[in-house]
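Enquirer: Listed below, chain by chain, are the residues.
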Amino acid sequence: MIMSIFSRCFCKPKVKVEPEVEMTPVQEPVPEVFQLMGLPEEVISNVFEMLSPFELIAFSFCSTKTKNIAKSMRSHPKFKKDCKPFKMSIGPIYQRIIMEFKEHPNLYWQFMKNRQITDNTGDQKTFVLDNIQIPVWSDGILANFCTLHLLSDNSIPELTKFYEHLCEVFNQPRQLMSFDLEFFDIANTIRFYLKAEQKPFQYVTLSCSKRSSETFIRWAFDRVRVTKGIFIRCELSQKFFYDLERFDVEEFIEIYWSYWVKLEYVLNLSCEKIALFKSSLCPSDLQELVLKWRGGWSPDWIEILIELQEIPNIEECVEGPYVTIRDRRDRKLVDKNSDIQLFQFNESMATTQYSLSFTGYHIVRSDGEIASVYIVNSNIAIFTIQQDDYGKDFKFELNRRLYLPRKRTLEQRKSVMTVEKSRQL
Amino acid sequence: MSVEPEVPIVQVEEVRENPVLYKIISSDNHVFTISEHAVKLSKTLWDLITNLGLTAENALDNPIPVENVNGKNMETIVQFCERHKYDEEEPEYTNYIREFVLPEWDRQLLSIDNEELFQLILATNYLDIQKLMDYCCRVIGDMAKDKTPEELRIIYGIPTDAEDDALERSASDSPGPSG
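These protein sequence lines are chains A and B, in that order. When the letters of the first sequence are read in order and numbered with the working numbering, they come out as residues 850 to 1274. When the letters of the second sequence are read in order and numbered with the working numbering, they come out as residues 213 to 391.
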């Protein structure tokens, strides 16, 4: 079905007919044809290897045969492993599909549908995709983005077919979707992806501003189909509530404005990792979490990251005698049979782009389980259950956000000064 | 096999470093002389030379017939191989799409009409000359720059699905050799 849709897309440009005016027929020069499809398939593949992603996509739309050759060429391991997940992003101003390839470092290839550009562009070549106009090939380079504008009012189902076509040609799973809940047709869009024939995405980002209705946000949260990880970037009030256990994801839940999330909301989550940025949780919550675990409770998750409201004094979160170790990763330095249950570390790492400090403890529980609690860059607390099957080293996988430049609020700056003063005393 | 040349032998530049030369006869009986370094760019020819046991002493007395390549294409191929025989070996192609600019000399060499280019590619494919194949593919790929799918369909004569289906049907409907 989809094959037939795509074989019909990008057909000839529409001709504007003005019958009142006598037109002089213009003889267009007939272009000399290069019979590409007469070449052996491996040679066609070689030609395709010379093309940019946009050129290859254009070829893939010519016929089923060209699509299959492009797909076969891209399925070679040398390309397959270097293709990054494609992201489809539905926002209020524009909708776009972003592609990234390791073979083109620092360059994003995107198809963008931007209403402002659509409205201001009347003379573009137009093509048909499933009876919906998709004018394309209006290209422009924006910073490191190589952009082709989709200039029509094609709907989300057609854009999704386009995305699926790209995923198929480049042998990519249907991985990344980003929804802005302020998109004018978001309710229908969410309903569309709820349909049985639509496979769920692996990772989804949901975002919105303070203006969005919290009732609608809960409605949307209930209907998003995602299998591995969810990013929530919604500015919600502190009174907001949502049962996070309803997100049936394997890998992670990451909430950017998480000041509405209380500690009890996350204790029973079963995904591997939880990240709460800009939370309203305090050092006492971290202390409670540590005490609960030391008391014998074990979560289903492996790691939680909390950006605390205040700068914690990590020493207050753990109690008892400790020894200091020189390498936080070295499992051999933590003796499970020792009377000492706390192993302190204080390390930092820096590159030209970022610097990170790690201050914390490995904690050995009476049943031999080990967890690590540590602070990264003043107010990011991480609590990790260290699993035995990691071999020699303890695991320290940092959330990618920690590598981004961060600004401190006035309260945080004051809190840093207070903690530093208390340490000096 | 001994073939008397009907046209003058195409002379190559004098080889200073390596005097070993080979003779190649095209499908239309044109005879070409090519140096050892140059002929090594063709995997097919070099394998043939190795298998035939040709040496510096007997090479010129044993011309190599190449029945799949005509004189015109062979002339281009010999020129190309002689031009690039001392090029450094390209690093192993592993990850990235080959983004290179075609040298001006080669662009001139390959400024031929599409039918000739098509035949040259078939010859290059047969003789297994990777560098020339890459350069030819670059020329063909460059035709696709900034083109819409419909323009590509015209430039490359790509049949639609319906045309492909019709071709397939007519091929299966036509009687086979027995019948």
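I should point out that these hints are in silico values taken from the structure, not numbers from a laboratory. Please note: incorrect hints may appear among the correct ones.
To be verified - Here are the simulated DMTMM-like cross-link-like pairs (lysine to aspartate or glutamate), alpha carbons at most 20 Å apart as the crow flies:
#1 K920(A) to D240(B)
#2 K359(B) to E1099(A)
#3 K1244(A) to E1099(A)
#4 K914(A) to D376(B)
#5 K252(B) to E279(B)
#6 K357(B) to E881(A)
Enquirer: Run every hint past the structure and note whether it holds.
Expert: Hints versus structure:
no.: 1; hint: K920(A) to D240(B); verdict: 39 Å, violated
no.: 2; hint: K359(B) to E1099(A); verdict: 43 Å, violated
no.: 3; hint: K1244(A) to E1099(A); verdict: 19 Å, holds
no.: 4; hint: K914(A) to D376(B); verdict: 8 Å, holds
no.: 5; hint: K252(B) to E279(B); verdict: 19 Å, holds
no.: 6; hint: K357(B) to E881(A); verdict: 16 Å, holds
When held up to the earlier numbered hints, the structure conflicts with 1, 2 and fits the remainder.
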